[in-house]
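Enquirer: Chains as they are written, first to last, in this note's numbering: chain A, 1 to 335; chain B, 336 to 536.
Note that these hints are calculated values from the structure, not bench results.
We put the CB at the ideal spot given by N, CA and C, even for glycine.
Mixed in with the good hints, there may be bad ones.
[Said to hold, decoys possible] Restricting the straight-line Cα-Cα distance to at most 20 Å, the calculated cross-link-like pairs of lysine to any residue (SDA-like) are:
hint: 1; chain 1: B; residue 1: Lys470; chain 2: A; residue 2: Phe320
hint: 2; chain 1: B; residue 1: Lys534; chain 2: A; residue 2: Glu124
hint: 3; chain 1: A; residue 1: Lys176; chain 2: B; residue 2: Asn527
hint: 4; chain 1: B; residue 1: Lys534; chain 2: A; residue 2: Ile318
hint: 5; chain 1: B; residue 1: Lys361; chain 2: A; residue 2: Ile318
hint: 6; chain 1: B; residue 1: Lys397; chain 2: B; residue 2: His516
[Claimed, not checked] Pair ranges (Cβ atoms, derived):
hint: 7; chain 1: B; residue 1: Lys501; chain 2: A; residue 2: Asp214; range: 53 to 59 Å
hint: 8; chain 1: B; residue 1: Arg472; chain 2: A; residue 2: Glu297; range: 19 to 25 Å
hint: 9; chain 1: A; residue 1: Glu294; chain 2: B; residue 2: Pro460; range: 54 to 60 Å
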Amino acid sequence: MIIARAPLRISFVGGGTDLADFYTKNPGKVLSAAINKYVYVTVARTPFKQISVRYSIGEIVKHPSELKNDRVREALLDANITEGIEISTFSHLPGQTGLGSSSAFSVALVKALTALAGNHASAEVCAEGACWLEIERVGDPIGKQDQYASAFGGMNVFEFQSDHSVRIEPVHLDFKRRLDFENHLLLFFTGVTRKASSVLTEQRKNISDSAHFDTLKAMADSVDPFKQVLMEGNFKKAGELLHEGWQRKRTLASGVSNPSLDALYKTALGEGAWGGKVLGAGGGGCLLFVAPPERHERINHSLRVTATKHALHDASVIPFSFVHSGVELVVNTKE
Amino acid sequence: MQDFIKEFSESSITALRNVSAQEIEKAFHILQATYERGGRIYVFGNGGSLALATHFVADLNKTVFSYHLEKHHKRFQAIRLPSTESELTAWANDIGYDMVFAGPLQNYLEDKDVIIAISSSGNSPNVIKALEIAKARHVPIIGMSGFDGGKLNELSDAKILVPTPKGEYEVVEGVHAIILHMIVKYFKNAFNYMVEIGKIE
Numbered sequence: 001m002i003i004a005r006a007p008l009r010i011s012f013v014g015g016g017t018d019l020a021d022f023y024t025k026n027p028g029k030v031l032s033a034a035i036n037k038y039v040y041v042t043v044a045r046t047p048f049k050q051i052s053v054r055y056s057i058g059e060i061v062k063h064p065s066e067l068k069n070d071r072v073r074e075a076l077l078d079a080n081i082t083e084g085i086e087i088s089t090f091s092h093l094p095g096q097t098g099l100g101s102s103s104a105f106s107v108a109l110v111k112a113l114t115a116l117a118g119n120h121a122s123a124e125v126c127a128e129g130a131c132w133l134e135i136e137r138v139g140d141p142i143g144k145q146d147q148y149a150s151a152f153g154g155m156n157v158f159e160f161q162s163d164h165s166v167r168i169e170p171v172h173l174d175f176k177r178r179l180d181f182e183n184h185l186l187l188f189f190t191g192v193t194r195k196a197s198s199v200l201t202e203q204r205k206n207i208s209d210s211a212h213f214d215t216l217k218a219m220a221d222s223v224d225p226f227k228q229v230l231m232e233g234n235f236k237k238a239g240e241l242l243h244e245g246w247q248r249k250r251t252l253a254s255g256v257s258n259p260s261l262d263a264l265y266k267t268a269l270g271e272g273a274w275g276g277k278v279l280g281a282g283g284g285g286c287l288l289f290v291a292p293p294e295r296h297e298r299i300n301h302s303l304r305v306t307a308t309k310h311a312l313h314d315a316s317v318i319p320f321s322f323v324h325s326g327v328e329l330v331v332n333t334k335e
Numbered sequence: 336m337q338d339f340i341k342e343f344s345e346s347s348i349t350a351l352r353n354v355s356a357q358e359i360e361k362a363f364h365i366l367q368a369t370y371e372r373g374g375r376i377y378v379f380g381n382g383g384s385l386a387l388a389t390h391f392v393a394d395l396n397k398t399v400f401s402y403h404l405e406k407h408h409k410r411f412q413a414i415r416l417p418s419t420e421s422e423l424t425a426w427a428n429d430i431g432y433d434m435v436f437a438g439p440l441q442n443y444l445e446d447k448d449v450i451i452a453i454s455s456s457g458n459s460p461n462v463i464k465a466l467e468i469a470k471a472r473h474v475p476i477i478g479m480s481g482f483d484g485g486k487l488n489e490l491s492d493a494k495i496l497v498p499t500p501k502g503e504y505e506v507v508e509g510v511h512a513i514i515l516h517m518i519v520k521y522f523k524n525a526f527n528y529m530v531e532i533g534k535i536e
């Protein structure tokens, strides 16, 4: 049996510039960090003909082509595994929260299936394999940053080149900067899940529009200044840069924000947050704020009040830490 | 006599300055990741380097957490190889000296672990033999070498090379001790800070 796990990620700046429609014309750049919330994928061969896949639902089929789970279906077809396999997944957080869980799933799946074949998949192979699976095989209109963030772990700047290659530059914060930064961050789940592809399809269409293109360019350009203020420990400035990025991102597609998200965002800033953003493609999921640690309790309280007003009853703060490991095998045995 | 003292001090200082800070940074990163995923740290080397390994294992396992020892339930799991003299002599006598690290390592090594190999020449056959096992499992290697780095430096993910003329064992081993203590101090401060700001309660 094989168990692989891959971390979720928080994307700070540059999201959207990892779409091929953009980075083939202008280099894309993002800064993101893996967190201690994981997607686990378990894979085992069975002596039976059937294929069993368990996630939010359970599927038992005779041939992988019958699977509804598009990632598992395409991965099995590609690996030419047509019978006798059981795959299941477990996750610390629900999907569609803007933390890159669907790509983390693909990354862990690639790692696990490669191990099942007796081979080793490096972080890069897992990242590229997951990109290929999701973008080429499944045809999702998504970018490449989540797969890379999850496969490599740690905090990194990813640069997406026009030849589709990806340059990885780790951001080595010392322990004090890293822990202080963590302590300034507040991750708030709205309780609303949404499919990234619905927002991203519109966003992708808009890239050809020159105003949108320039906005994305400004977002890619904001990565280096953001990295600089992090290295300096200037978290107030980091918050302000996130705020600027969020203002830009809102303009990319109509579904990125909505009245509830705007109300929550305004609430946090009103209680002293320096800035923030909606994580992932937008439209729901998680909000991230940078705020003085002593303000967190107050912000949290007010966010809950606003959430209740907007009937967001599952909203809550998610405590987290950054992690330095990316995708890994937790169990790898023949039995 | 003072000339000798000055000269030795100067070459040690120069050698320390010439160690890549970036590579030490990578080592911090690798060790932090290993701690987070609950992996083990295997440390080994020959002669004086084995003594350094023994010293470092004690510091990593205990000294690093000494500010709040009782609060750190999760600690580094560092193991010096071989961990007993019996294993050392059994492998050396029965199989051959080149197996004294690789032999015991084979018993333990898992994907989530890390290797710290210490060799001034970077070419000790028994050290290289153990690295081959680590490489085959794609386990990260922190290599502490001297002179021109040898094979150890080539095979390492974090290449902590103390560049000196060939044969300067005293300088290399001295600088290795400083870097190992630098690692100890860094994590000692880090784990202390985690308690201070309430990350570990």
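Enquirer: Could you run down the list of hints and mark each one as holding or not?
Expert: Evaluation of the provided hints:
1. Under the criterion of a C-alpha separation no larger than 20 Å, the hint pairing Lys470(B) with Phe320(A) is inconsistent with the structure, at around 32 Å.
2. Of the supplied pair hints, the one linking Lys534(B) and Glu124(A) is violated, its CA atoms being roughly 31 Å apart against a limit of 20 Å.
3. Simply put, Lys176(A) and Asn527(B) have alpha-carbon atoms about 11 Å apart, close enough for the 20 Å limit, and the pair holds.
4. The straight-line distance between the Cα atoms of Lys534(B) and Ile318(A) is roughly 14 Å, inside the 20 Å bound, and the hint therefore holds.
5. Proximity of Lys361(B) to Ile318(A) is assessed by CA-CA distance (about 29 Å); at most 20 Å being required, the pair is judged violated.
6. Restraint check for Lys397(B) and His516(B): the C-alpha separation of about 13 Å stays at or below 20 Å, so the hint holds.
7. Separated by about 57 Å at the C-beta atoms, Lys501(B) and Asp214(A) satisfy the suggested range of 53 to 59 Å.
8. About 46 Å separates the C-beta atoms of Arg472(B) and Glu297(A), a value inconsistent with the hinted range of 19 to 25 Å.
9. Take Glu294(A) and Pro460(B): their Cβ atoms lie about 58 Å apart, and the range 54 to 60 Å holds.
Violation of the numbered hints given earlier is confined to hints 1, 2, 5, 8; the remaining hints are satisfied by the structure.
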